[in-house]
Structures are given as structure tokens and as C-alpha cells.
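Make the full structure from the sequences, and use the hints.
Taken in order, these protein sequences are the chains called A and B.
Going by the working numbering, the first residue of the first sequence is number 513, and it counts up by one from there.
Going by the working numbering, the first residue of the second sequence is number 421, and it counts up by one from there.
Any given hint could be a false lead.
Unchecked claim - Cross-link-like lysine-lysine pairs, in silico, DSS-like; alpha carbons within 30 Å at most: (1) A:K851 with A:K718; (2) B:K633 with A:K927; (3) B:K757 with A:K783; (4) A:K889 with A:K851.
Said to hold, decoys possible - Taking beta-carbon pairs under 7 Å as the criterion, some of the chain A residues facing chain B (in silico): (5) L751; (6) R760; (7) N770; (8) W778; (9) S779; (10) K932; (11) L935; (12) I936; (13) M941; (14) Q942; (15) G949; (16) K957.
FYI, nobody ran anything at the bench for these hints, they're computed from the structure.
A quick note: this is a predicted structure, and the numbers were derived from the prediction, not measured.
Every residue gets a Cβ at the ideal spot worked out from N, C-alpha and C, and that includes glycine.
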Amino acid sequence: MEQAAPDLERLLQPAPLEPLGHPDAGLEAAVGEEAEGPQDDEGPGDRTMTENNFWLKKIEISVSEAEKRTGRNAMNMQETYTAYLVETRSVEHIDGPSVLTDSLWRRYSEFELLRNYLLVYYPHIVVPPLPEKRAEFVWHKLSADNMDPDFVERRRIGLENFLLRVASHPILCRDKIFYLFLTQEGNWKEIVNETGFQLKADSRLKALNATFRVKNPDKRFTELKHYSDELQSVISHLLRVRARVADRLYGVYKVHGNYGRVFSEWSAIEKEMGDGLQSAGHHMDVYASSIDDILEDEEHYADQLKEYLFYAEALRAVCRKHELMQYDLEMAAQDLASKKQQCEELATGTVRTFSLKGMTTKLFGQETPEQREARIKVLEEQISEGEQQLKSKNLEGREFVKNAWADIERFKEQKNRDLKEALISYAVMQISMCKKGIQVWTNAKECFSKM
Amino acid sequence: MEGELPAAPRGSSGLPAGDASGDSPCALLPAEALALDGDEDDLEVFSKTSRGEFDSSEFEVRRRYQDFLWLKGKLEEAHPTLIIPPLPEKFVVKGMVERFNDDFIETRRRALNKFLNRIADHPTLTFSEDLKVFLTAQAGELSAHKKQGPGLLSKVGQTVRAVALSMRGVRSRPEEFVEMNDFIEAFSQKMSLIDKISQRIYKEEREYFDEMKEYGPIHALWSESEEDLADTLGGVASCLDRCCQATERRLCGLSEALLPVVHEYLLYSEMLMGVMKRRDHIQAELESKAEALTYRKADTDLLTEEIGKLEDKVECANTALRADWERWKQNMRNDIKSAFADTAERNIHYYEQCLATWESFLAAQTDLYAKEPSEDKP
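The following block contains the structure:
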């Protein structure tokens, strides 16, 4: 079989994730703007790194090792966990040597903490997902055990991927907590918790309520929500079938290995056929063992798909935030309208709407003009406040939609690029598998013909 | 047949049953057994011949499985130390991991076809009167013919003697037959394993095929909710579908070319053990008479005469077996060799088809790549 053209091969290498400071043209511009512009939305003053040289140098982040540890947990019980070594290197000049600037150990729960924090403070961003906590979509050969070295290795890669994604995001990369995650081992958890981000998080109930009750969400977000549901559904289905296909393929290859053993035994009793049988048997063994590498490569492909499976949830989170804000806005507008109406009714003396005051008035007698004046005054204050609030909520809402949509566009491009690449790499894997198959069976055929 | 993938079962111009010697000495052309609709046990046997002793040149008769069984029995009786081809099992045998096709009837029909053709190809068996009757007699004639021959009582007597002798065993089996016996035992064991392995492979490939059927369509479904990715996803979907089809062809090949051959030789090895027993039995008969002579148990002259006949019998039996053994080994080697080589060829073909599919997908994708703006270039 002919070799693929050299540039084809180069194109087919999975593209390394861009380390920060070496982004494509579009990204660089965004980074430049952020450095001078106003603070991020919904970020308190000292969250971003506006004048830190750190981000202007090219940096590389890697999760280079995983180590099993035992320690005591919050309930003072012995537990085993895996710790990951996070290393940061900076490069002074382009193509110069990289210098290790920071190196610390983090466990999975700390990555989770970081992500949860980012979710709260950057609700308009599609926050990159973490690799799965527990192995799912496994096929029988892989264990679902968290301590299994293959799982740990794949998780290490997933965590590195997460950090690289955050670091190459024009907005997230400037976050101080993220910076501290990479540079300050001790006390980091306390600092994160001190931000009080858990309190700022929207309650699930509130979000659910908003989703059902919102009247006028931006259509694009509604569509996006449907898309993310579909994406999640189709990728899970795909991964499940892939796992089953892998299982079966494994079976086919491995059973051929049995031929190897029996041919070898059989060759002992044959004269003319002996040599042919023996060497054919050897090729059967080669065939059977070739599946291990093939399926290991496929596992990495599955991980790439999984990342986008989890990204679907991140998309939904942004949509939910929009719905929440929109609902809030609608409620505020409704509240304002009803107060205005009440005011009007009090002023003109007509009662059109039901009110508790109206009822008590009927029951206990009319109120005095002074009382009425007082109430009108309170309402007018509330109305004026409400109008202010509505204005700012409206502004917030529009800002959110604008920024969120910008990030969503960025995400879409990234997704299309990454998934296309993944699918192409899958094709490359299949090609390699076919070539190996042709090789083995050609050899086997030769042996059989010599029997 | 060289360089060609075996096609579907040949028509009635037929196929000699894998005989090593290219042209058989007899010109009884192969018989074709076809299944009719309806009664699965009702088979039509077509034969063509140019041999003189047959009344015409083409015959068409209806036979049942038990008729084949009868034929085999008669051949074994007439030629106890010849290697009679095996019959397929009457029913699906429990413990077979998977029936070859889901069509047991078709598989059995092919095996019965093979059985007849092997007999027709055999230099001695082809001249059997029983074979001739089997191929040409109408139903009534066949049952009449079956009733001829030793009566029931004498058959019972034969069986009793046979049992008595087999319990006695044979004293000294000649070296060449000891080797043969050892070979047969080992061969039988290996064949049994290979039969199991081959069936297991078929099962696994079958299940792989079943899963693959779902794999392509999911990608097609996904492409419906995508824009930029739709093209790529659609491409992957169609590649998977084509690979799925190639898998199906591979499966067919396995069930047509490999499994029947392996299974036949498994059954052959059981036959061979029977042949060895019958040879031993003949020798045992001689030995028992010789013993009787030694101990003067009966009339010496009569015994000596009988012993003489038995010595001839043993000599014939051994010679016949010796010759047939060589022939059988040669056939076995060729059959096994071509079955496995054929399977390897099909597998190569399978991978070549899949390779072509994926490579053309890749070429199409990278053409598109090259046309896109260079954001991905290093």
C-alpha cells in the first residue's frame, strides 16, 4: 500500500492544544483587548490579572505525573487517592528553552473546586469540562476501577487537557484563582472558599423554575439548548455502541489466537503439513495480539468524544443562566407593572385589582387620606427603585447575551475543528488496522499454501 | 478455480469432491442433492454419467436422510477397511456453538452433496452396486433392494460375535497401524478443537456484525443536527456501513468455505476410528481362530481352511486400508490447505475493501482541509 503524502501525514498528527501566548490571530487580539479594557463581567476587582507579565510570556502547562497517596480525609478516615503533578513552564523567547516556574500536586477534587468556581463567576462562558470522575462506557477488558493505571493515565491526560483549555481561553486565562491553582499549593482551597462562590451559585430549584416559567427567552438560546440535548444524546449512544463494537472486535481477534496453539500442536503429528501449520499458527498469534494496541488507540478517540459529551452540559449551563436572568427580568417588569397599577388605583380611588389592603379596607373601613398618601409615597419610591433595577437588569441581560453568544461562537468553531480532527484520526486508526490485517493474513495465506 | 474466490454452490455440471487426482478414473459425474420445499427430509438427487453400466445418462430420484444412512451402512459393510466419507448429523447437534448459517437444512444439503461426490470420486466405491441403486432406483425399487441381503437374525449373530471379539481385543497390531491409530487419535482431538474454535470465530464475527449495523446509522443521525460537521460525519457513516457489508461477506465466506470443511474432517476422524476398529476386528477374528487351532477346540482341517481364508481377508483389509489411507491423507492435506488459504484470502479481501473505503474518505476530507483557511497550519 502506498504511503500517504507527507503533508497528509503532518496534517493528520493530532494538533497540540495551543499553549497560552501562542494563540491564533483571533485569540491574540482578544487577549490584547482584555488586558486594557474594563474588568470582566461579574468579576470582582482583583480577580483578573491586568498587569501581570505572567500571561505575556509563552507558558506551557502539563499534568506530568500521577501518584497514589493515602491520607486522612475530613472525617479523619484513611483514604487512598491519586495526586497529579501540575507543572508550569515559561519560555522567555520564542523557541528558547522552557524554564520550570511552578510545580505542585493537585487531586481531582481540587480540579473540581476550580471548575465550580469558574462556573459561578463566568456564567456566560462555556467552561471546559473535566474528565469523568468514574469510568463509564467501558467494555469488558477495561476495568471500571478508578485506581486502574490505564484509567489514571487517561484521566491525567484529561486533566491536562482541561488546564490547557482554560489557559487558552481569552477570558478564563486571566482569572487569579486559576493562576493560584497553578502556582500556590498550600492554602489554595481556603482562598477559593473565601471568595464565597458557593453562596453566589444559583440554586437548582430557582434555575429549574425559571426554565419552565420564562416567557420570552432569546430564541438562539432555546435552539442551543435543544442542540446540546441532541449532542449529548447522540454522543452517549455512539460511545455505548462503540464500546460494544470494541468488545466484539476483541473477541474475534483473540479467538484466532487459539488457532495458534492448536496448529502448533497439530504440526507435531504432521510431516509435510507441519512447517506450514506451525508458521501459520505464529501469524494467528500475531493477529490476536494486535488488537490490544488498536483498541488502546481507540480509547483516546473515545475520550475526545467524551469531552464534547461533557461540553454539552456546559452549554446547557449557559442557557440556564440566560433563562434565569430573563425570568428575573420578566418578574421584575411584572412586579413594576403591578406596583404602578396599584399606585394608579390608590390615586384615582378605583379598585380593579385584588389587594390585601383593599380587602381589609372593605372589612375594617376606609383608610384616612393621610394613610393613603403615605402608601402612595412608598409605592412611588418603590416604583422609581424598580425602574432603576429594571434598567440595570435589562442592561445586564443584554450584556450577558452579547458576551455569552460571543463565547458560544468561539466554542462552536473549536468544537467543529476538534471533532473533525477526531473523526479523521479515527479514519487513520481504521486504516492502520486494515493494513495490519492485510499484512498478517497475507503472511498466513503464504504459510497455508505451503502446507 | 485458481485465483478465484469460491462462488455459490455449483449447478449440476458439478464439482468433484475435492479429489486430489484431477480426473477420476470413473466418469460418473457428480450428483447434486437439492432440497425441496416442504419436507426438509425430502431431497432430490440428480446424477449424470457417461458410464456404460448405467441405463441412461441422467437420473433424478427422491431420497430421505435415512436412505443416505442406509447407503453408508452398506458401503461400510462391503468395504470395512475403506474410508467411507462421513454423513452430516441428522439434527442440529447440541453444543455446536452456532449453526453454520441460520440455515441448517442448506448446510446439511451441501454436506450430503459432498458425501455423494466423494463416493463417486472414490476409485473403488464408485463401482458399488448399492451406490448405483441409490442414484437410480425409484422409491419402490429402493425399498425392495434394501430388503435383500443377510436377514435380521444373521445380522444379530454377526453383532454378537463382533462384540465378543472387540472385548477380546487384538493381540498385536502391526506397527504401521499403531502409528496410524496414534495419528488418528491426535488428529481427532485437534480437529475437534479447530471445529470449536472456528465456530466460535463465526459467532464472534456474527455478533460484531450485529453491533456494526448500528454504528454507521448513529453517525448519520448525528450529522443531521450539525452543519459544518455534517459532511465529515456522513462520510464516516457511509464508511462504517460499507465495512459492515464487507463483514457480512466475510461471514458468508467463513460459513461456506471453512466451517463445513473443518466439520467434515471432524466427522471423518470419527469414521477413521471406526475403520481402525473394523480392521482390528478382522485381525481379531483371525487370531481367535488361530487360537482355537492351537487348543484344538474344533476340527483341525476345517479350522485350517478357515484360517487360510481369514489370512487372505486380513491381507486384503490391510492393503485396502493402506492405499485408502494414503489417498485420504492427500485429500485431507489439500482440503485443509485450500480451506484455510481461502479463508485467509477472504480476510485479505475484507481488509482491502475496508482500507479502500477509509482511504477515499480521508482523501476527500483532506481535500476539504486544504481548501479551508490556514488556521490549522503550524
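Inset, instruction - Just pull the numbers of the violated hints for me, sorted ascending. - result: 5, 9 and 13
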